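The primary structure of each chain is shown beneath.
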Amino acid sequence: MADELDLNSLNDEELVGQMHDDLYDGLKDEIEQAVHILLGRGWQPYDVLTQALVEGMRVVGEDFRDGILFVPEVLLAANAMKAGMAILRPLLAETGAPKIGKMVIGTVKGDIHDIGKNLVAMMMEGAGFEVINIGINNAVENFLAAIAEHQPDIIGMSALLTTTMPYMKVVIDTLKEKGMRNDFIVLVGGAPLNEAFANAIGADAYCRDAAVAVETAKNLMARRQGSVQERARA
Amino acid sequence: MPDAEIPPVGRRGAGRAARRAARLAPVAASVPFITRRIPLYAVLNDEGLALIEHNADTVLEEVGIDFKGDAEALALWREAGAGIDGERVHIPRGLCRSIIAAHAPAHYTQHARNPARSVVIGDDHTVFAPAYGPPFVHDLDHGRRYGTIEDFRNFVRLAYLSPWLHHSGGTVCEPVDLPVNKRHLDMVYSHMRYSDKPFMGSVTAPERAADTVAMAEILFGADWIDPATGRPRTAVTSLINANSPLVWDATMLGALKTYARANQANLITPFILAGAMAPVTAVGACTVTLAEAMAGIAFTQLVSPGAPVILGSFCSSISMKSGAPTFGTPEPSLVLFVMAALARRLGVPFRSGGALCAAKIPDAQAAYESAMTMLPACLAGTNFILHTAGWLEGGLAMGYEKFVMDADQAGMLQTLLNGVDLSPGGQAMDAIREVGPGRHFLGCAHTQAHFATAFHTSSLANNNSFEQWEAEGRQDMAQRANAQWKRMLRDYEPPPIDPATDDALLDFIARRKAAFPDSNV
Ligand code: B12
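In order, the protein sequence lines correspond to chains A and B. In this text, residue positions in the first sequence follow the working numbering: the first is 27, and each later residue adds one. In this text, residue positions in the second sequence follow the working numbering: the first is 16, and each later residue adds one.
Among these hints, one or two may not hold up.
The calculated lysine-lysine pairs, modelled on DSS-like cross-linking and capped at a C-alpha distance of 27 Å, are [as the list claims (entries may be wrong)]:
| hint | chain 1 | residue 1 | chain 2 | residue 2 |
| --- | --- | --- | --- | --- |
| 1 | A | LYS128 | A | LYS54 |
| 2 | A | LYS54 | A | LYS108 |
| 3 | A | LYS135 | B | LYS528 |
| 4 | A | LYS195 | B | LYS197 |
| 5 | B | LYS336 | A | LYS108 |
| 6 | A | LYS195 | B | LYS528 |
| 7 | B | LYS336 | A | LYS244 |
| 8 | B | LYS336 | A | LYS128 |
| 9 | B | LYS336 | B | LYS375 |
| 10 | A | LYS125 | A | LYS108 |
| 11 | A | LYS125 | A | LYS202 |
| 12 | B | LYS501 | B | LYS375 |
| 13 | A | LYS204 | A | LYS244 |
| 14 | B | LYS197 | A | LYS135 |
| 15 | A | LYS195 | A | LYS54 |
| 16 | A | LYS244 | A | LYS54 |
| 17 | A | LYS54 | A | LYS135 |
| 18 | B | LYS83 | B | LYS197 |
| 19 | A | LYS128 | A | LYS202 |
| 20 | A | LYS135 | B | LYS83 |
| 21 | A | LYS244 | A | LYS195 |
| 22 | B | LYS375 | A | LYS54 |
Simulated from the structure, these hints should not be mistaken for lab results. From a predicted model like this one, the values you see are computed outputs, not experimental measurements.
From just these sequences and the hints, can you work out the full model?
Here's what the structure looks like:
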């Protein structure tokens, strides 16, 4: 435990290393404290984010993938990450740093399966995304309301029943009707889906698990921001 | 089958042709359901069971359980004496048990359209039913793909043909090629037309449950009402899952009420992935299961006193390293034994088990994991074993080869449950006297009388010499199973049905389909 350790006594490099360990160990209070210390020492919020938090969670993600870490441990790590992000997010917005991204995620109408969706939400938060989890049994109106309120970059839909999978298309078609479809990255998931289905309904990607969801979200965000920057330059 | 008739094999038999025909024909369904003649296996004593009962009552009283989106349910509970806080129902200690003791039957007959195939669910009986729910199907030739109505019919046909499956099941696979709001009509019809075994109904919406009941009424015609009770006969058993932890939702409650009011059976099942939907310990999972099940079962009796009901328990663990459900692990087997004992103390039939596995193909993992659940389910005295045949990939796929492999195993388990024959024939003293020391038993009168049925013979296992197996193409179990299911489907003939009944069913379906537009939502 880090009880005895005074984080202030560490130099920058030691502190960042310690933060990687503290994220790994899911120590939320310590992460919050360390974020404040780095900011106090004049660090750019974006550097705190990338060098301390994202890098630490990269290691967590790797060890989750390799079967070393257990889900409850990753949950704690993600919560610590989320706490650090909560401090950085307003500062990042002020400094115009590249966005990691915001996601609205929910299980679609008629469906109450949420274990997988919650795992995805947890891993996305762990990767620094801001996640608005709108729960289960969501009609298209709920997605629209969440979009209006939170202005997300990514919309995530989960369905575990063949009887509710088609509802994902209802949501996507509604976005199209409203001319909003291209404003968002749409990710879909759930065990009975496959890639062909995701293509058929017009989603951007199907993700077979939470780790793939994070990878895909990062890639698509990078591509999107690239094209946004390109457009700005043109 | 200790009391089966043994056909004579005397010299005045009909010679080769007759015997070949008899031996190669598929074995006829031996019994409509199993009556267990071996003792129960218990993992907890009365004190342990009483502790879990106490804790479950504490959960219901103190934590409470949600009945969501159903004002009528809340009213019924209030009237029964429960405390209502929003949608949360706090049920006083002992209330569920007393409602259940007063009204819920300890066993019931689920009628089949062929009366010889009706099953008794409860007491010391066991009924095997196929797997339920998979959106995908799998076979060696085509791999994994979404299920269609033709796959659905095929699995109904295979279950009909299997002498070891007593029940046609429900959603044997999901016919993804049909519109969501109408596919239940074709599913229920398939069970009625392509099999004459009992089956399960639709639960995905109350009106789909009502369609199921209406079709059962047409199917049973004049036999629908039991003159002894003035109520409909129980012809459908349907799967009602809790949304664990501690939630009953409007969809399931709607189907439950529809069936209970029509005197049809509800299979009340908390389906728990321990670690995610209940604590990680066996006792914790049992406590949540019992609390949810008691609340669900008592609710059926508030809706319709005396309506048949089963206590179901589906518990699996999850991989704590990925969240993926795991099957055939030992902890859920312990839960199964405990829940079976708790259901007996509650006085209601028990459902659990199945040939559960996480394997993607019919391989060694599939076989080991399946056996790890089927054997405990049988030894625990489980009355209704859903998912006995076909289950792959945690319920995501229904396997053709896996189906016939599992059915073959079910035959073995039936023999195990039949127990030990202590009759004079079973004692075989005449054989021991006749043969005496130092000779063999193959020719003695007793063996001549019993050889054909003495040992359960697998229709799939290969016991030949290495050389013969090699000469026959080195086929593994799955390849042999592939040949078997194809042969079964090729030779399948539907059971006869009264054409007027069939027309009435088809007419009902046509009218229902015309009544509202197709929809996939
Ligand atoms: C647990 C479970 C339940 C629980 C759900 C509890 C809960 N709080 O979620 C309960 C018991 C309530 C339940 C109920 C029912 N269930 Co259910 N259930 C399952 C089961 C066994 C596991 C699902 C699960 O949690 N997996 C673990 C998680 C970690 O995996 P996952 O969900 O696939 O998620 C991962 C990926 O898919 C992906 N992902 C998921 N969502 C998203 C979203 C995005 C945006 C992205 C990027 C990625 C992503 O990442 C996740 C993490 O790695 C599945 C079978 C199976 N093996 O999948 C059946 C299953 C899905 N259920 C099924 C059925 C039929 C039902 C019921 C209709 C049964 C009934 N008669 O009552 C009801 C329906 C209730 C309803 N209205 O929704 C069928 C569905 C098949 C079909 N025909 O469509 C299945 C396949 C089982 C079966 N054979 O019957 N069920």
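Checked hints:
Proposed proximity of LYS128/A and LYS54/A is supported: the alpha carbons are some 21 Å apart, at most 27 Å. With a CA separation close to 9 Å, the supplied pair LYS54/A and LYS108/A stays within the 27 Å bound. For the suggested pair LYS135/A and LYS528/B, the alpha carbons sit about 23 Å apart, so the restraint of at most 27 Å is met. With a C-alpha separation of about 19 Å, the suggested pairing of LYS195/A with LYS197/B holds against the 27 Å cut-off.
Taking the CA atoms of LYS336/B and LYS108/A, the gap is near 21 Å; set against the 27 Å cutoff, the hint holds. Only pairs whose Cα atoms come within 27 Å are accepted, and LYS195/A paired with LYS528/B is accepted, the gap being roughly 23 Å. At roughly 23 Å between alpha-carbon atoms, LYS336/B and LYS244/A fall within 27 Å of each other, so this suggested pair holds. For a cut-off of 27 Å, the pair hint linking LYS336/B to LYS128/A stands: about 26 Å separates their Cα positions.
Restraint check for LYS336/B and LYS375/B: the C-alpha separation of about 19 Å stays at or below 27 Å, so the hint holds. A hinted pair counts as satisfied when its Cα atoms are at most 27 Å apart, and LYS125/A with LYS108/A qualifies at roughly 15 Å. For the proposed pair LYS125/A and LYS202/A, the alpha carbon gap of about 25 Å is at most 27 Å, so the pair holds. For the given pair, LYS501/B sits about 20 Å from LYS375/B by alpha-carbon distance, which is consistent with the 27 Å threshold.
A threshold of 27 Å between alpha carbons decides the hint, and for LYS204/A with LYS244/A the separation of about 26 Å falls inside it, so the pair holds. Taking the CA atoms of LYS197/B and LYS135/A, the gap is about 18 Å. The hint holds against a cut of 27 Å. At roughly 39 Å between alpha-carbon atoms, LYS195/A and LYS54/A are farther apart than 27 Å, so this suggested pair is violated. In summary, the hint linking LYS244/A to LYS54/A is supported, as the alpha carbons are separated by about 24 Å, within the 27 Å threshold.
Between the alpha carbons of LYS54/A and LYS135/A the distance comes to roughly 34 Å, so the proposed pair goes past 27 Å and is violated. In summary, the hint linking LYS83/B to LYS197/B is supported, as the alpha carbons are separated by about 25 Å, within the 27 Å threshold. Note on LYS128/A and LYS202/A: the hinted pairing holds, with a Cα-Cα distance of about 20 Å set against a maximum of 27 Å. Taken as a hint, the LYS135/A and LYS83/B pair is honoured in the structure, with Cα atoms around 15 Å apart against an allowance of 27 Å.
As the CA atoms of LYS244/A and LYS195/A are separated by approximately 23 Å, the hinted pair is consistent with the 27 Å bound. Between LYS375/B and LYS54/A, the direct Cα distance comes to roughly 39 Å. Violation of the 27 Å bound is thereby established for this hinted pair.
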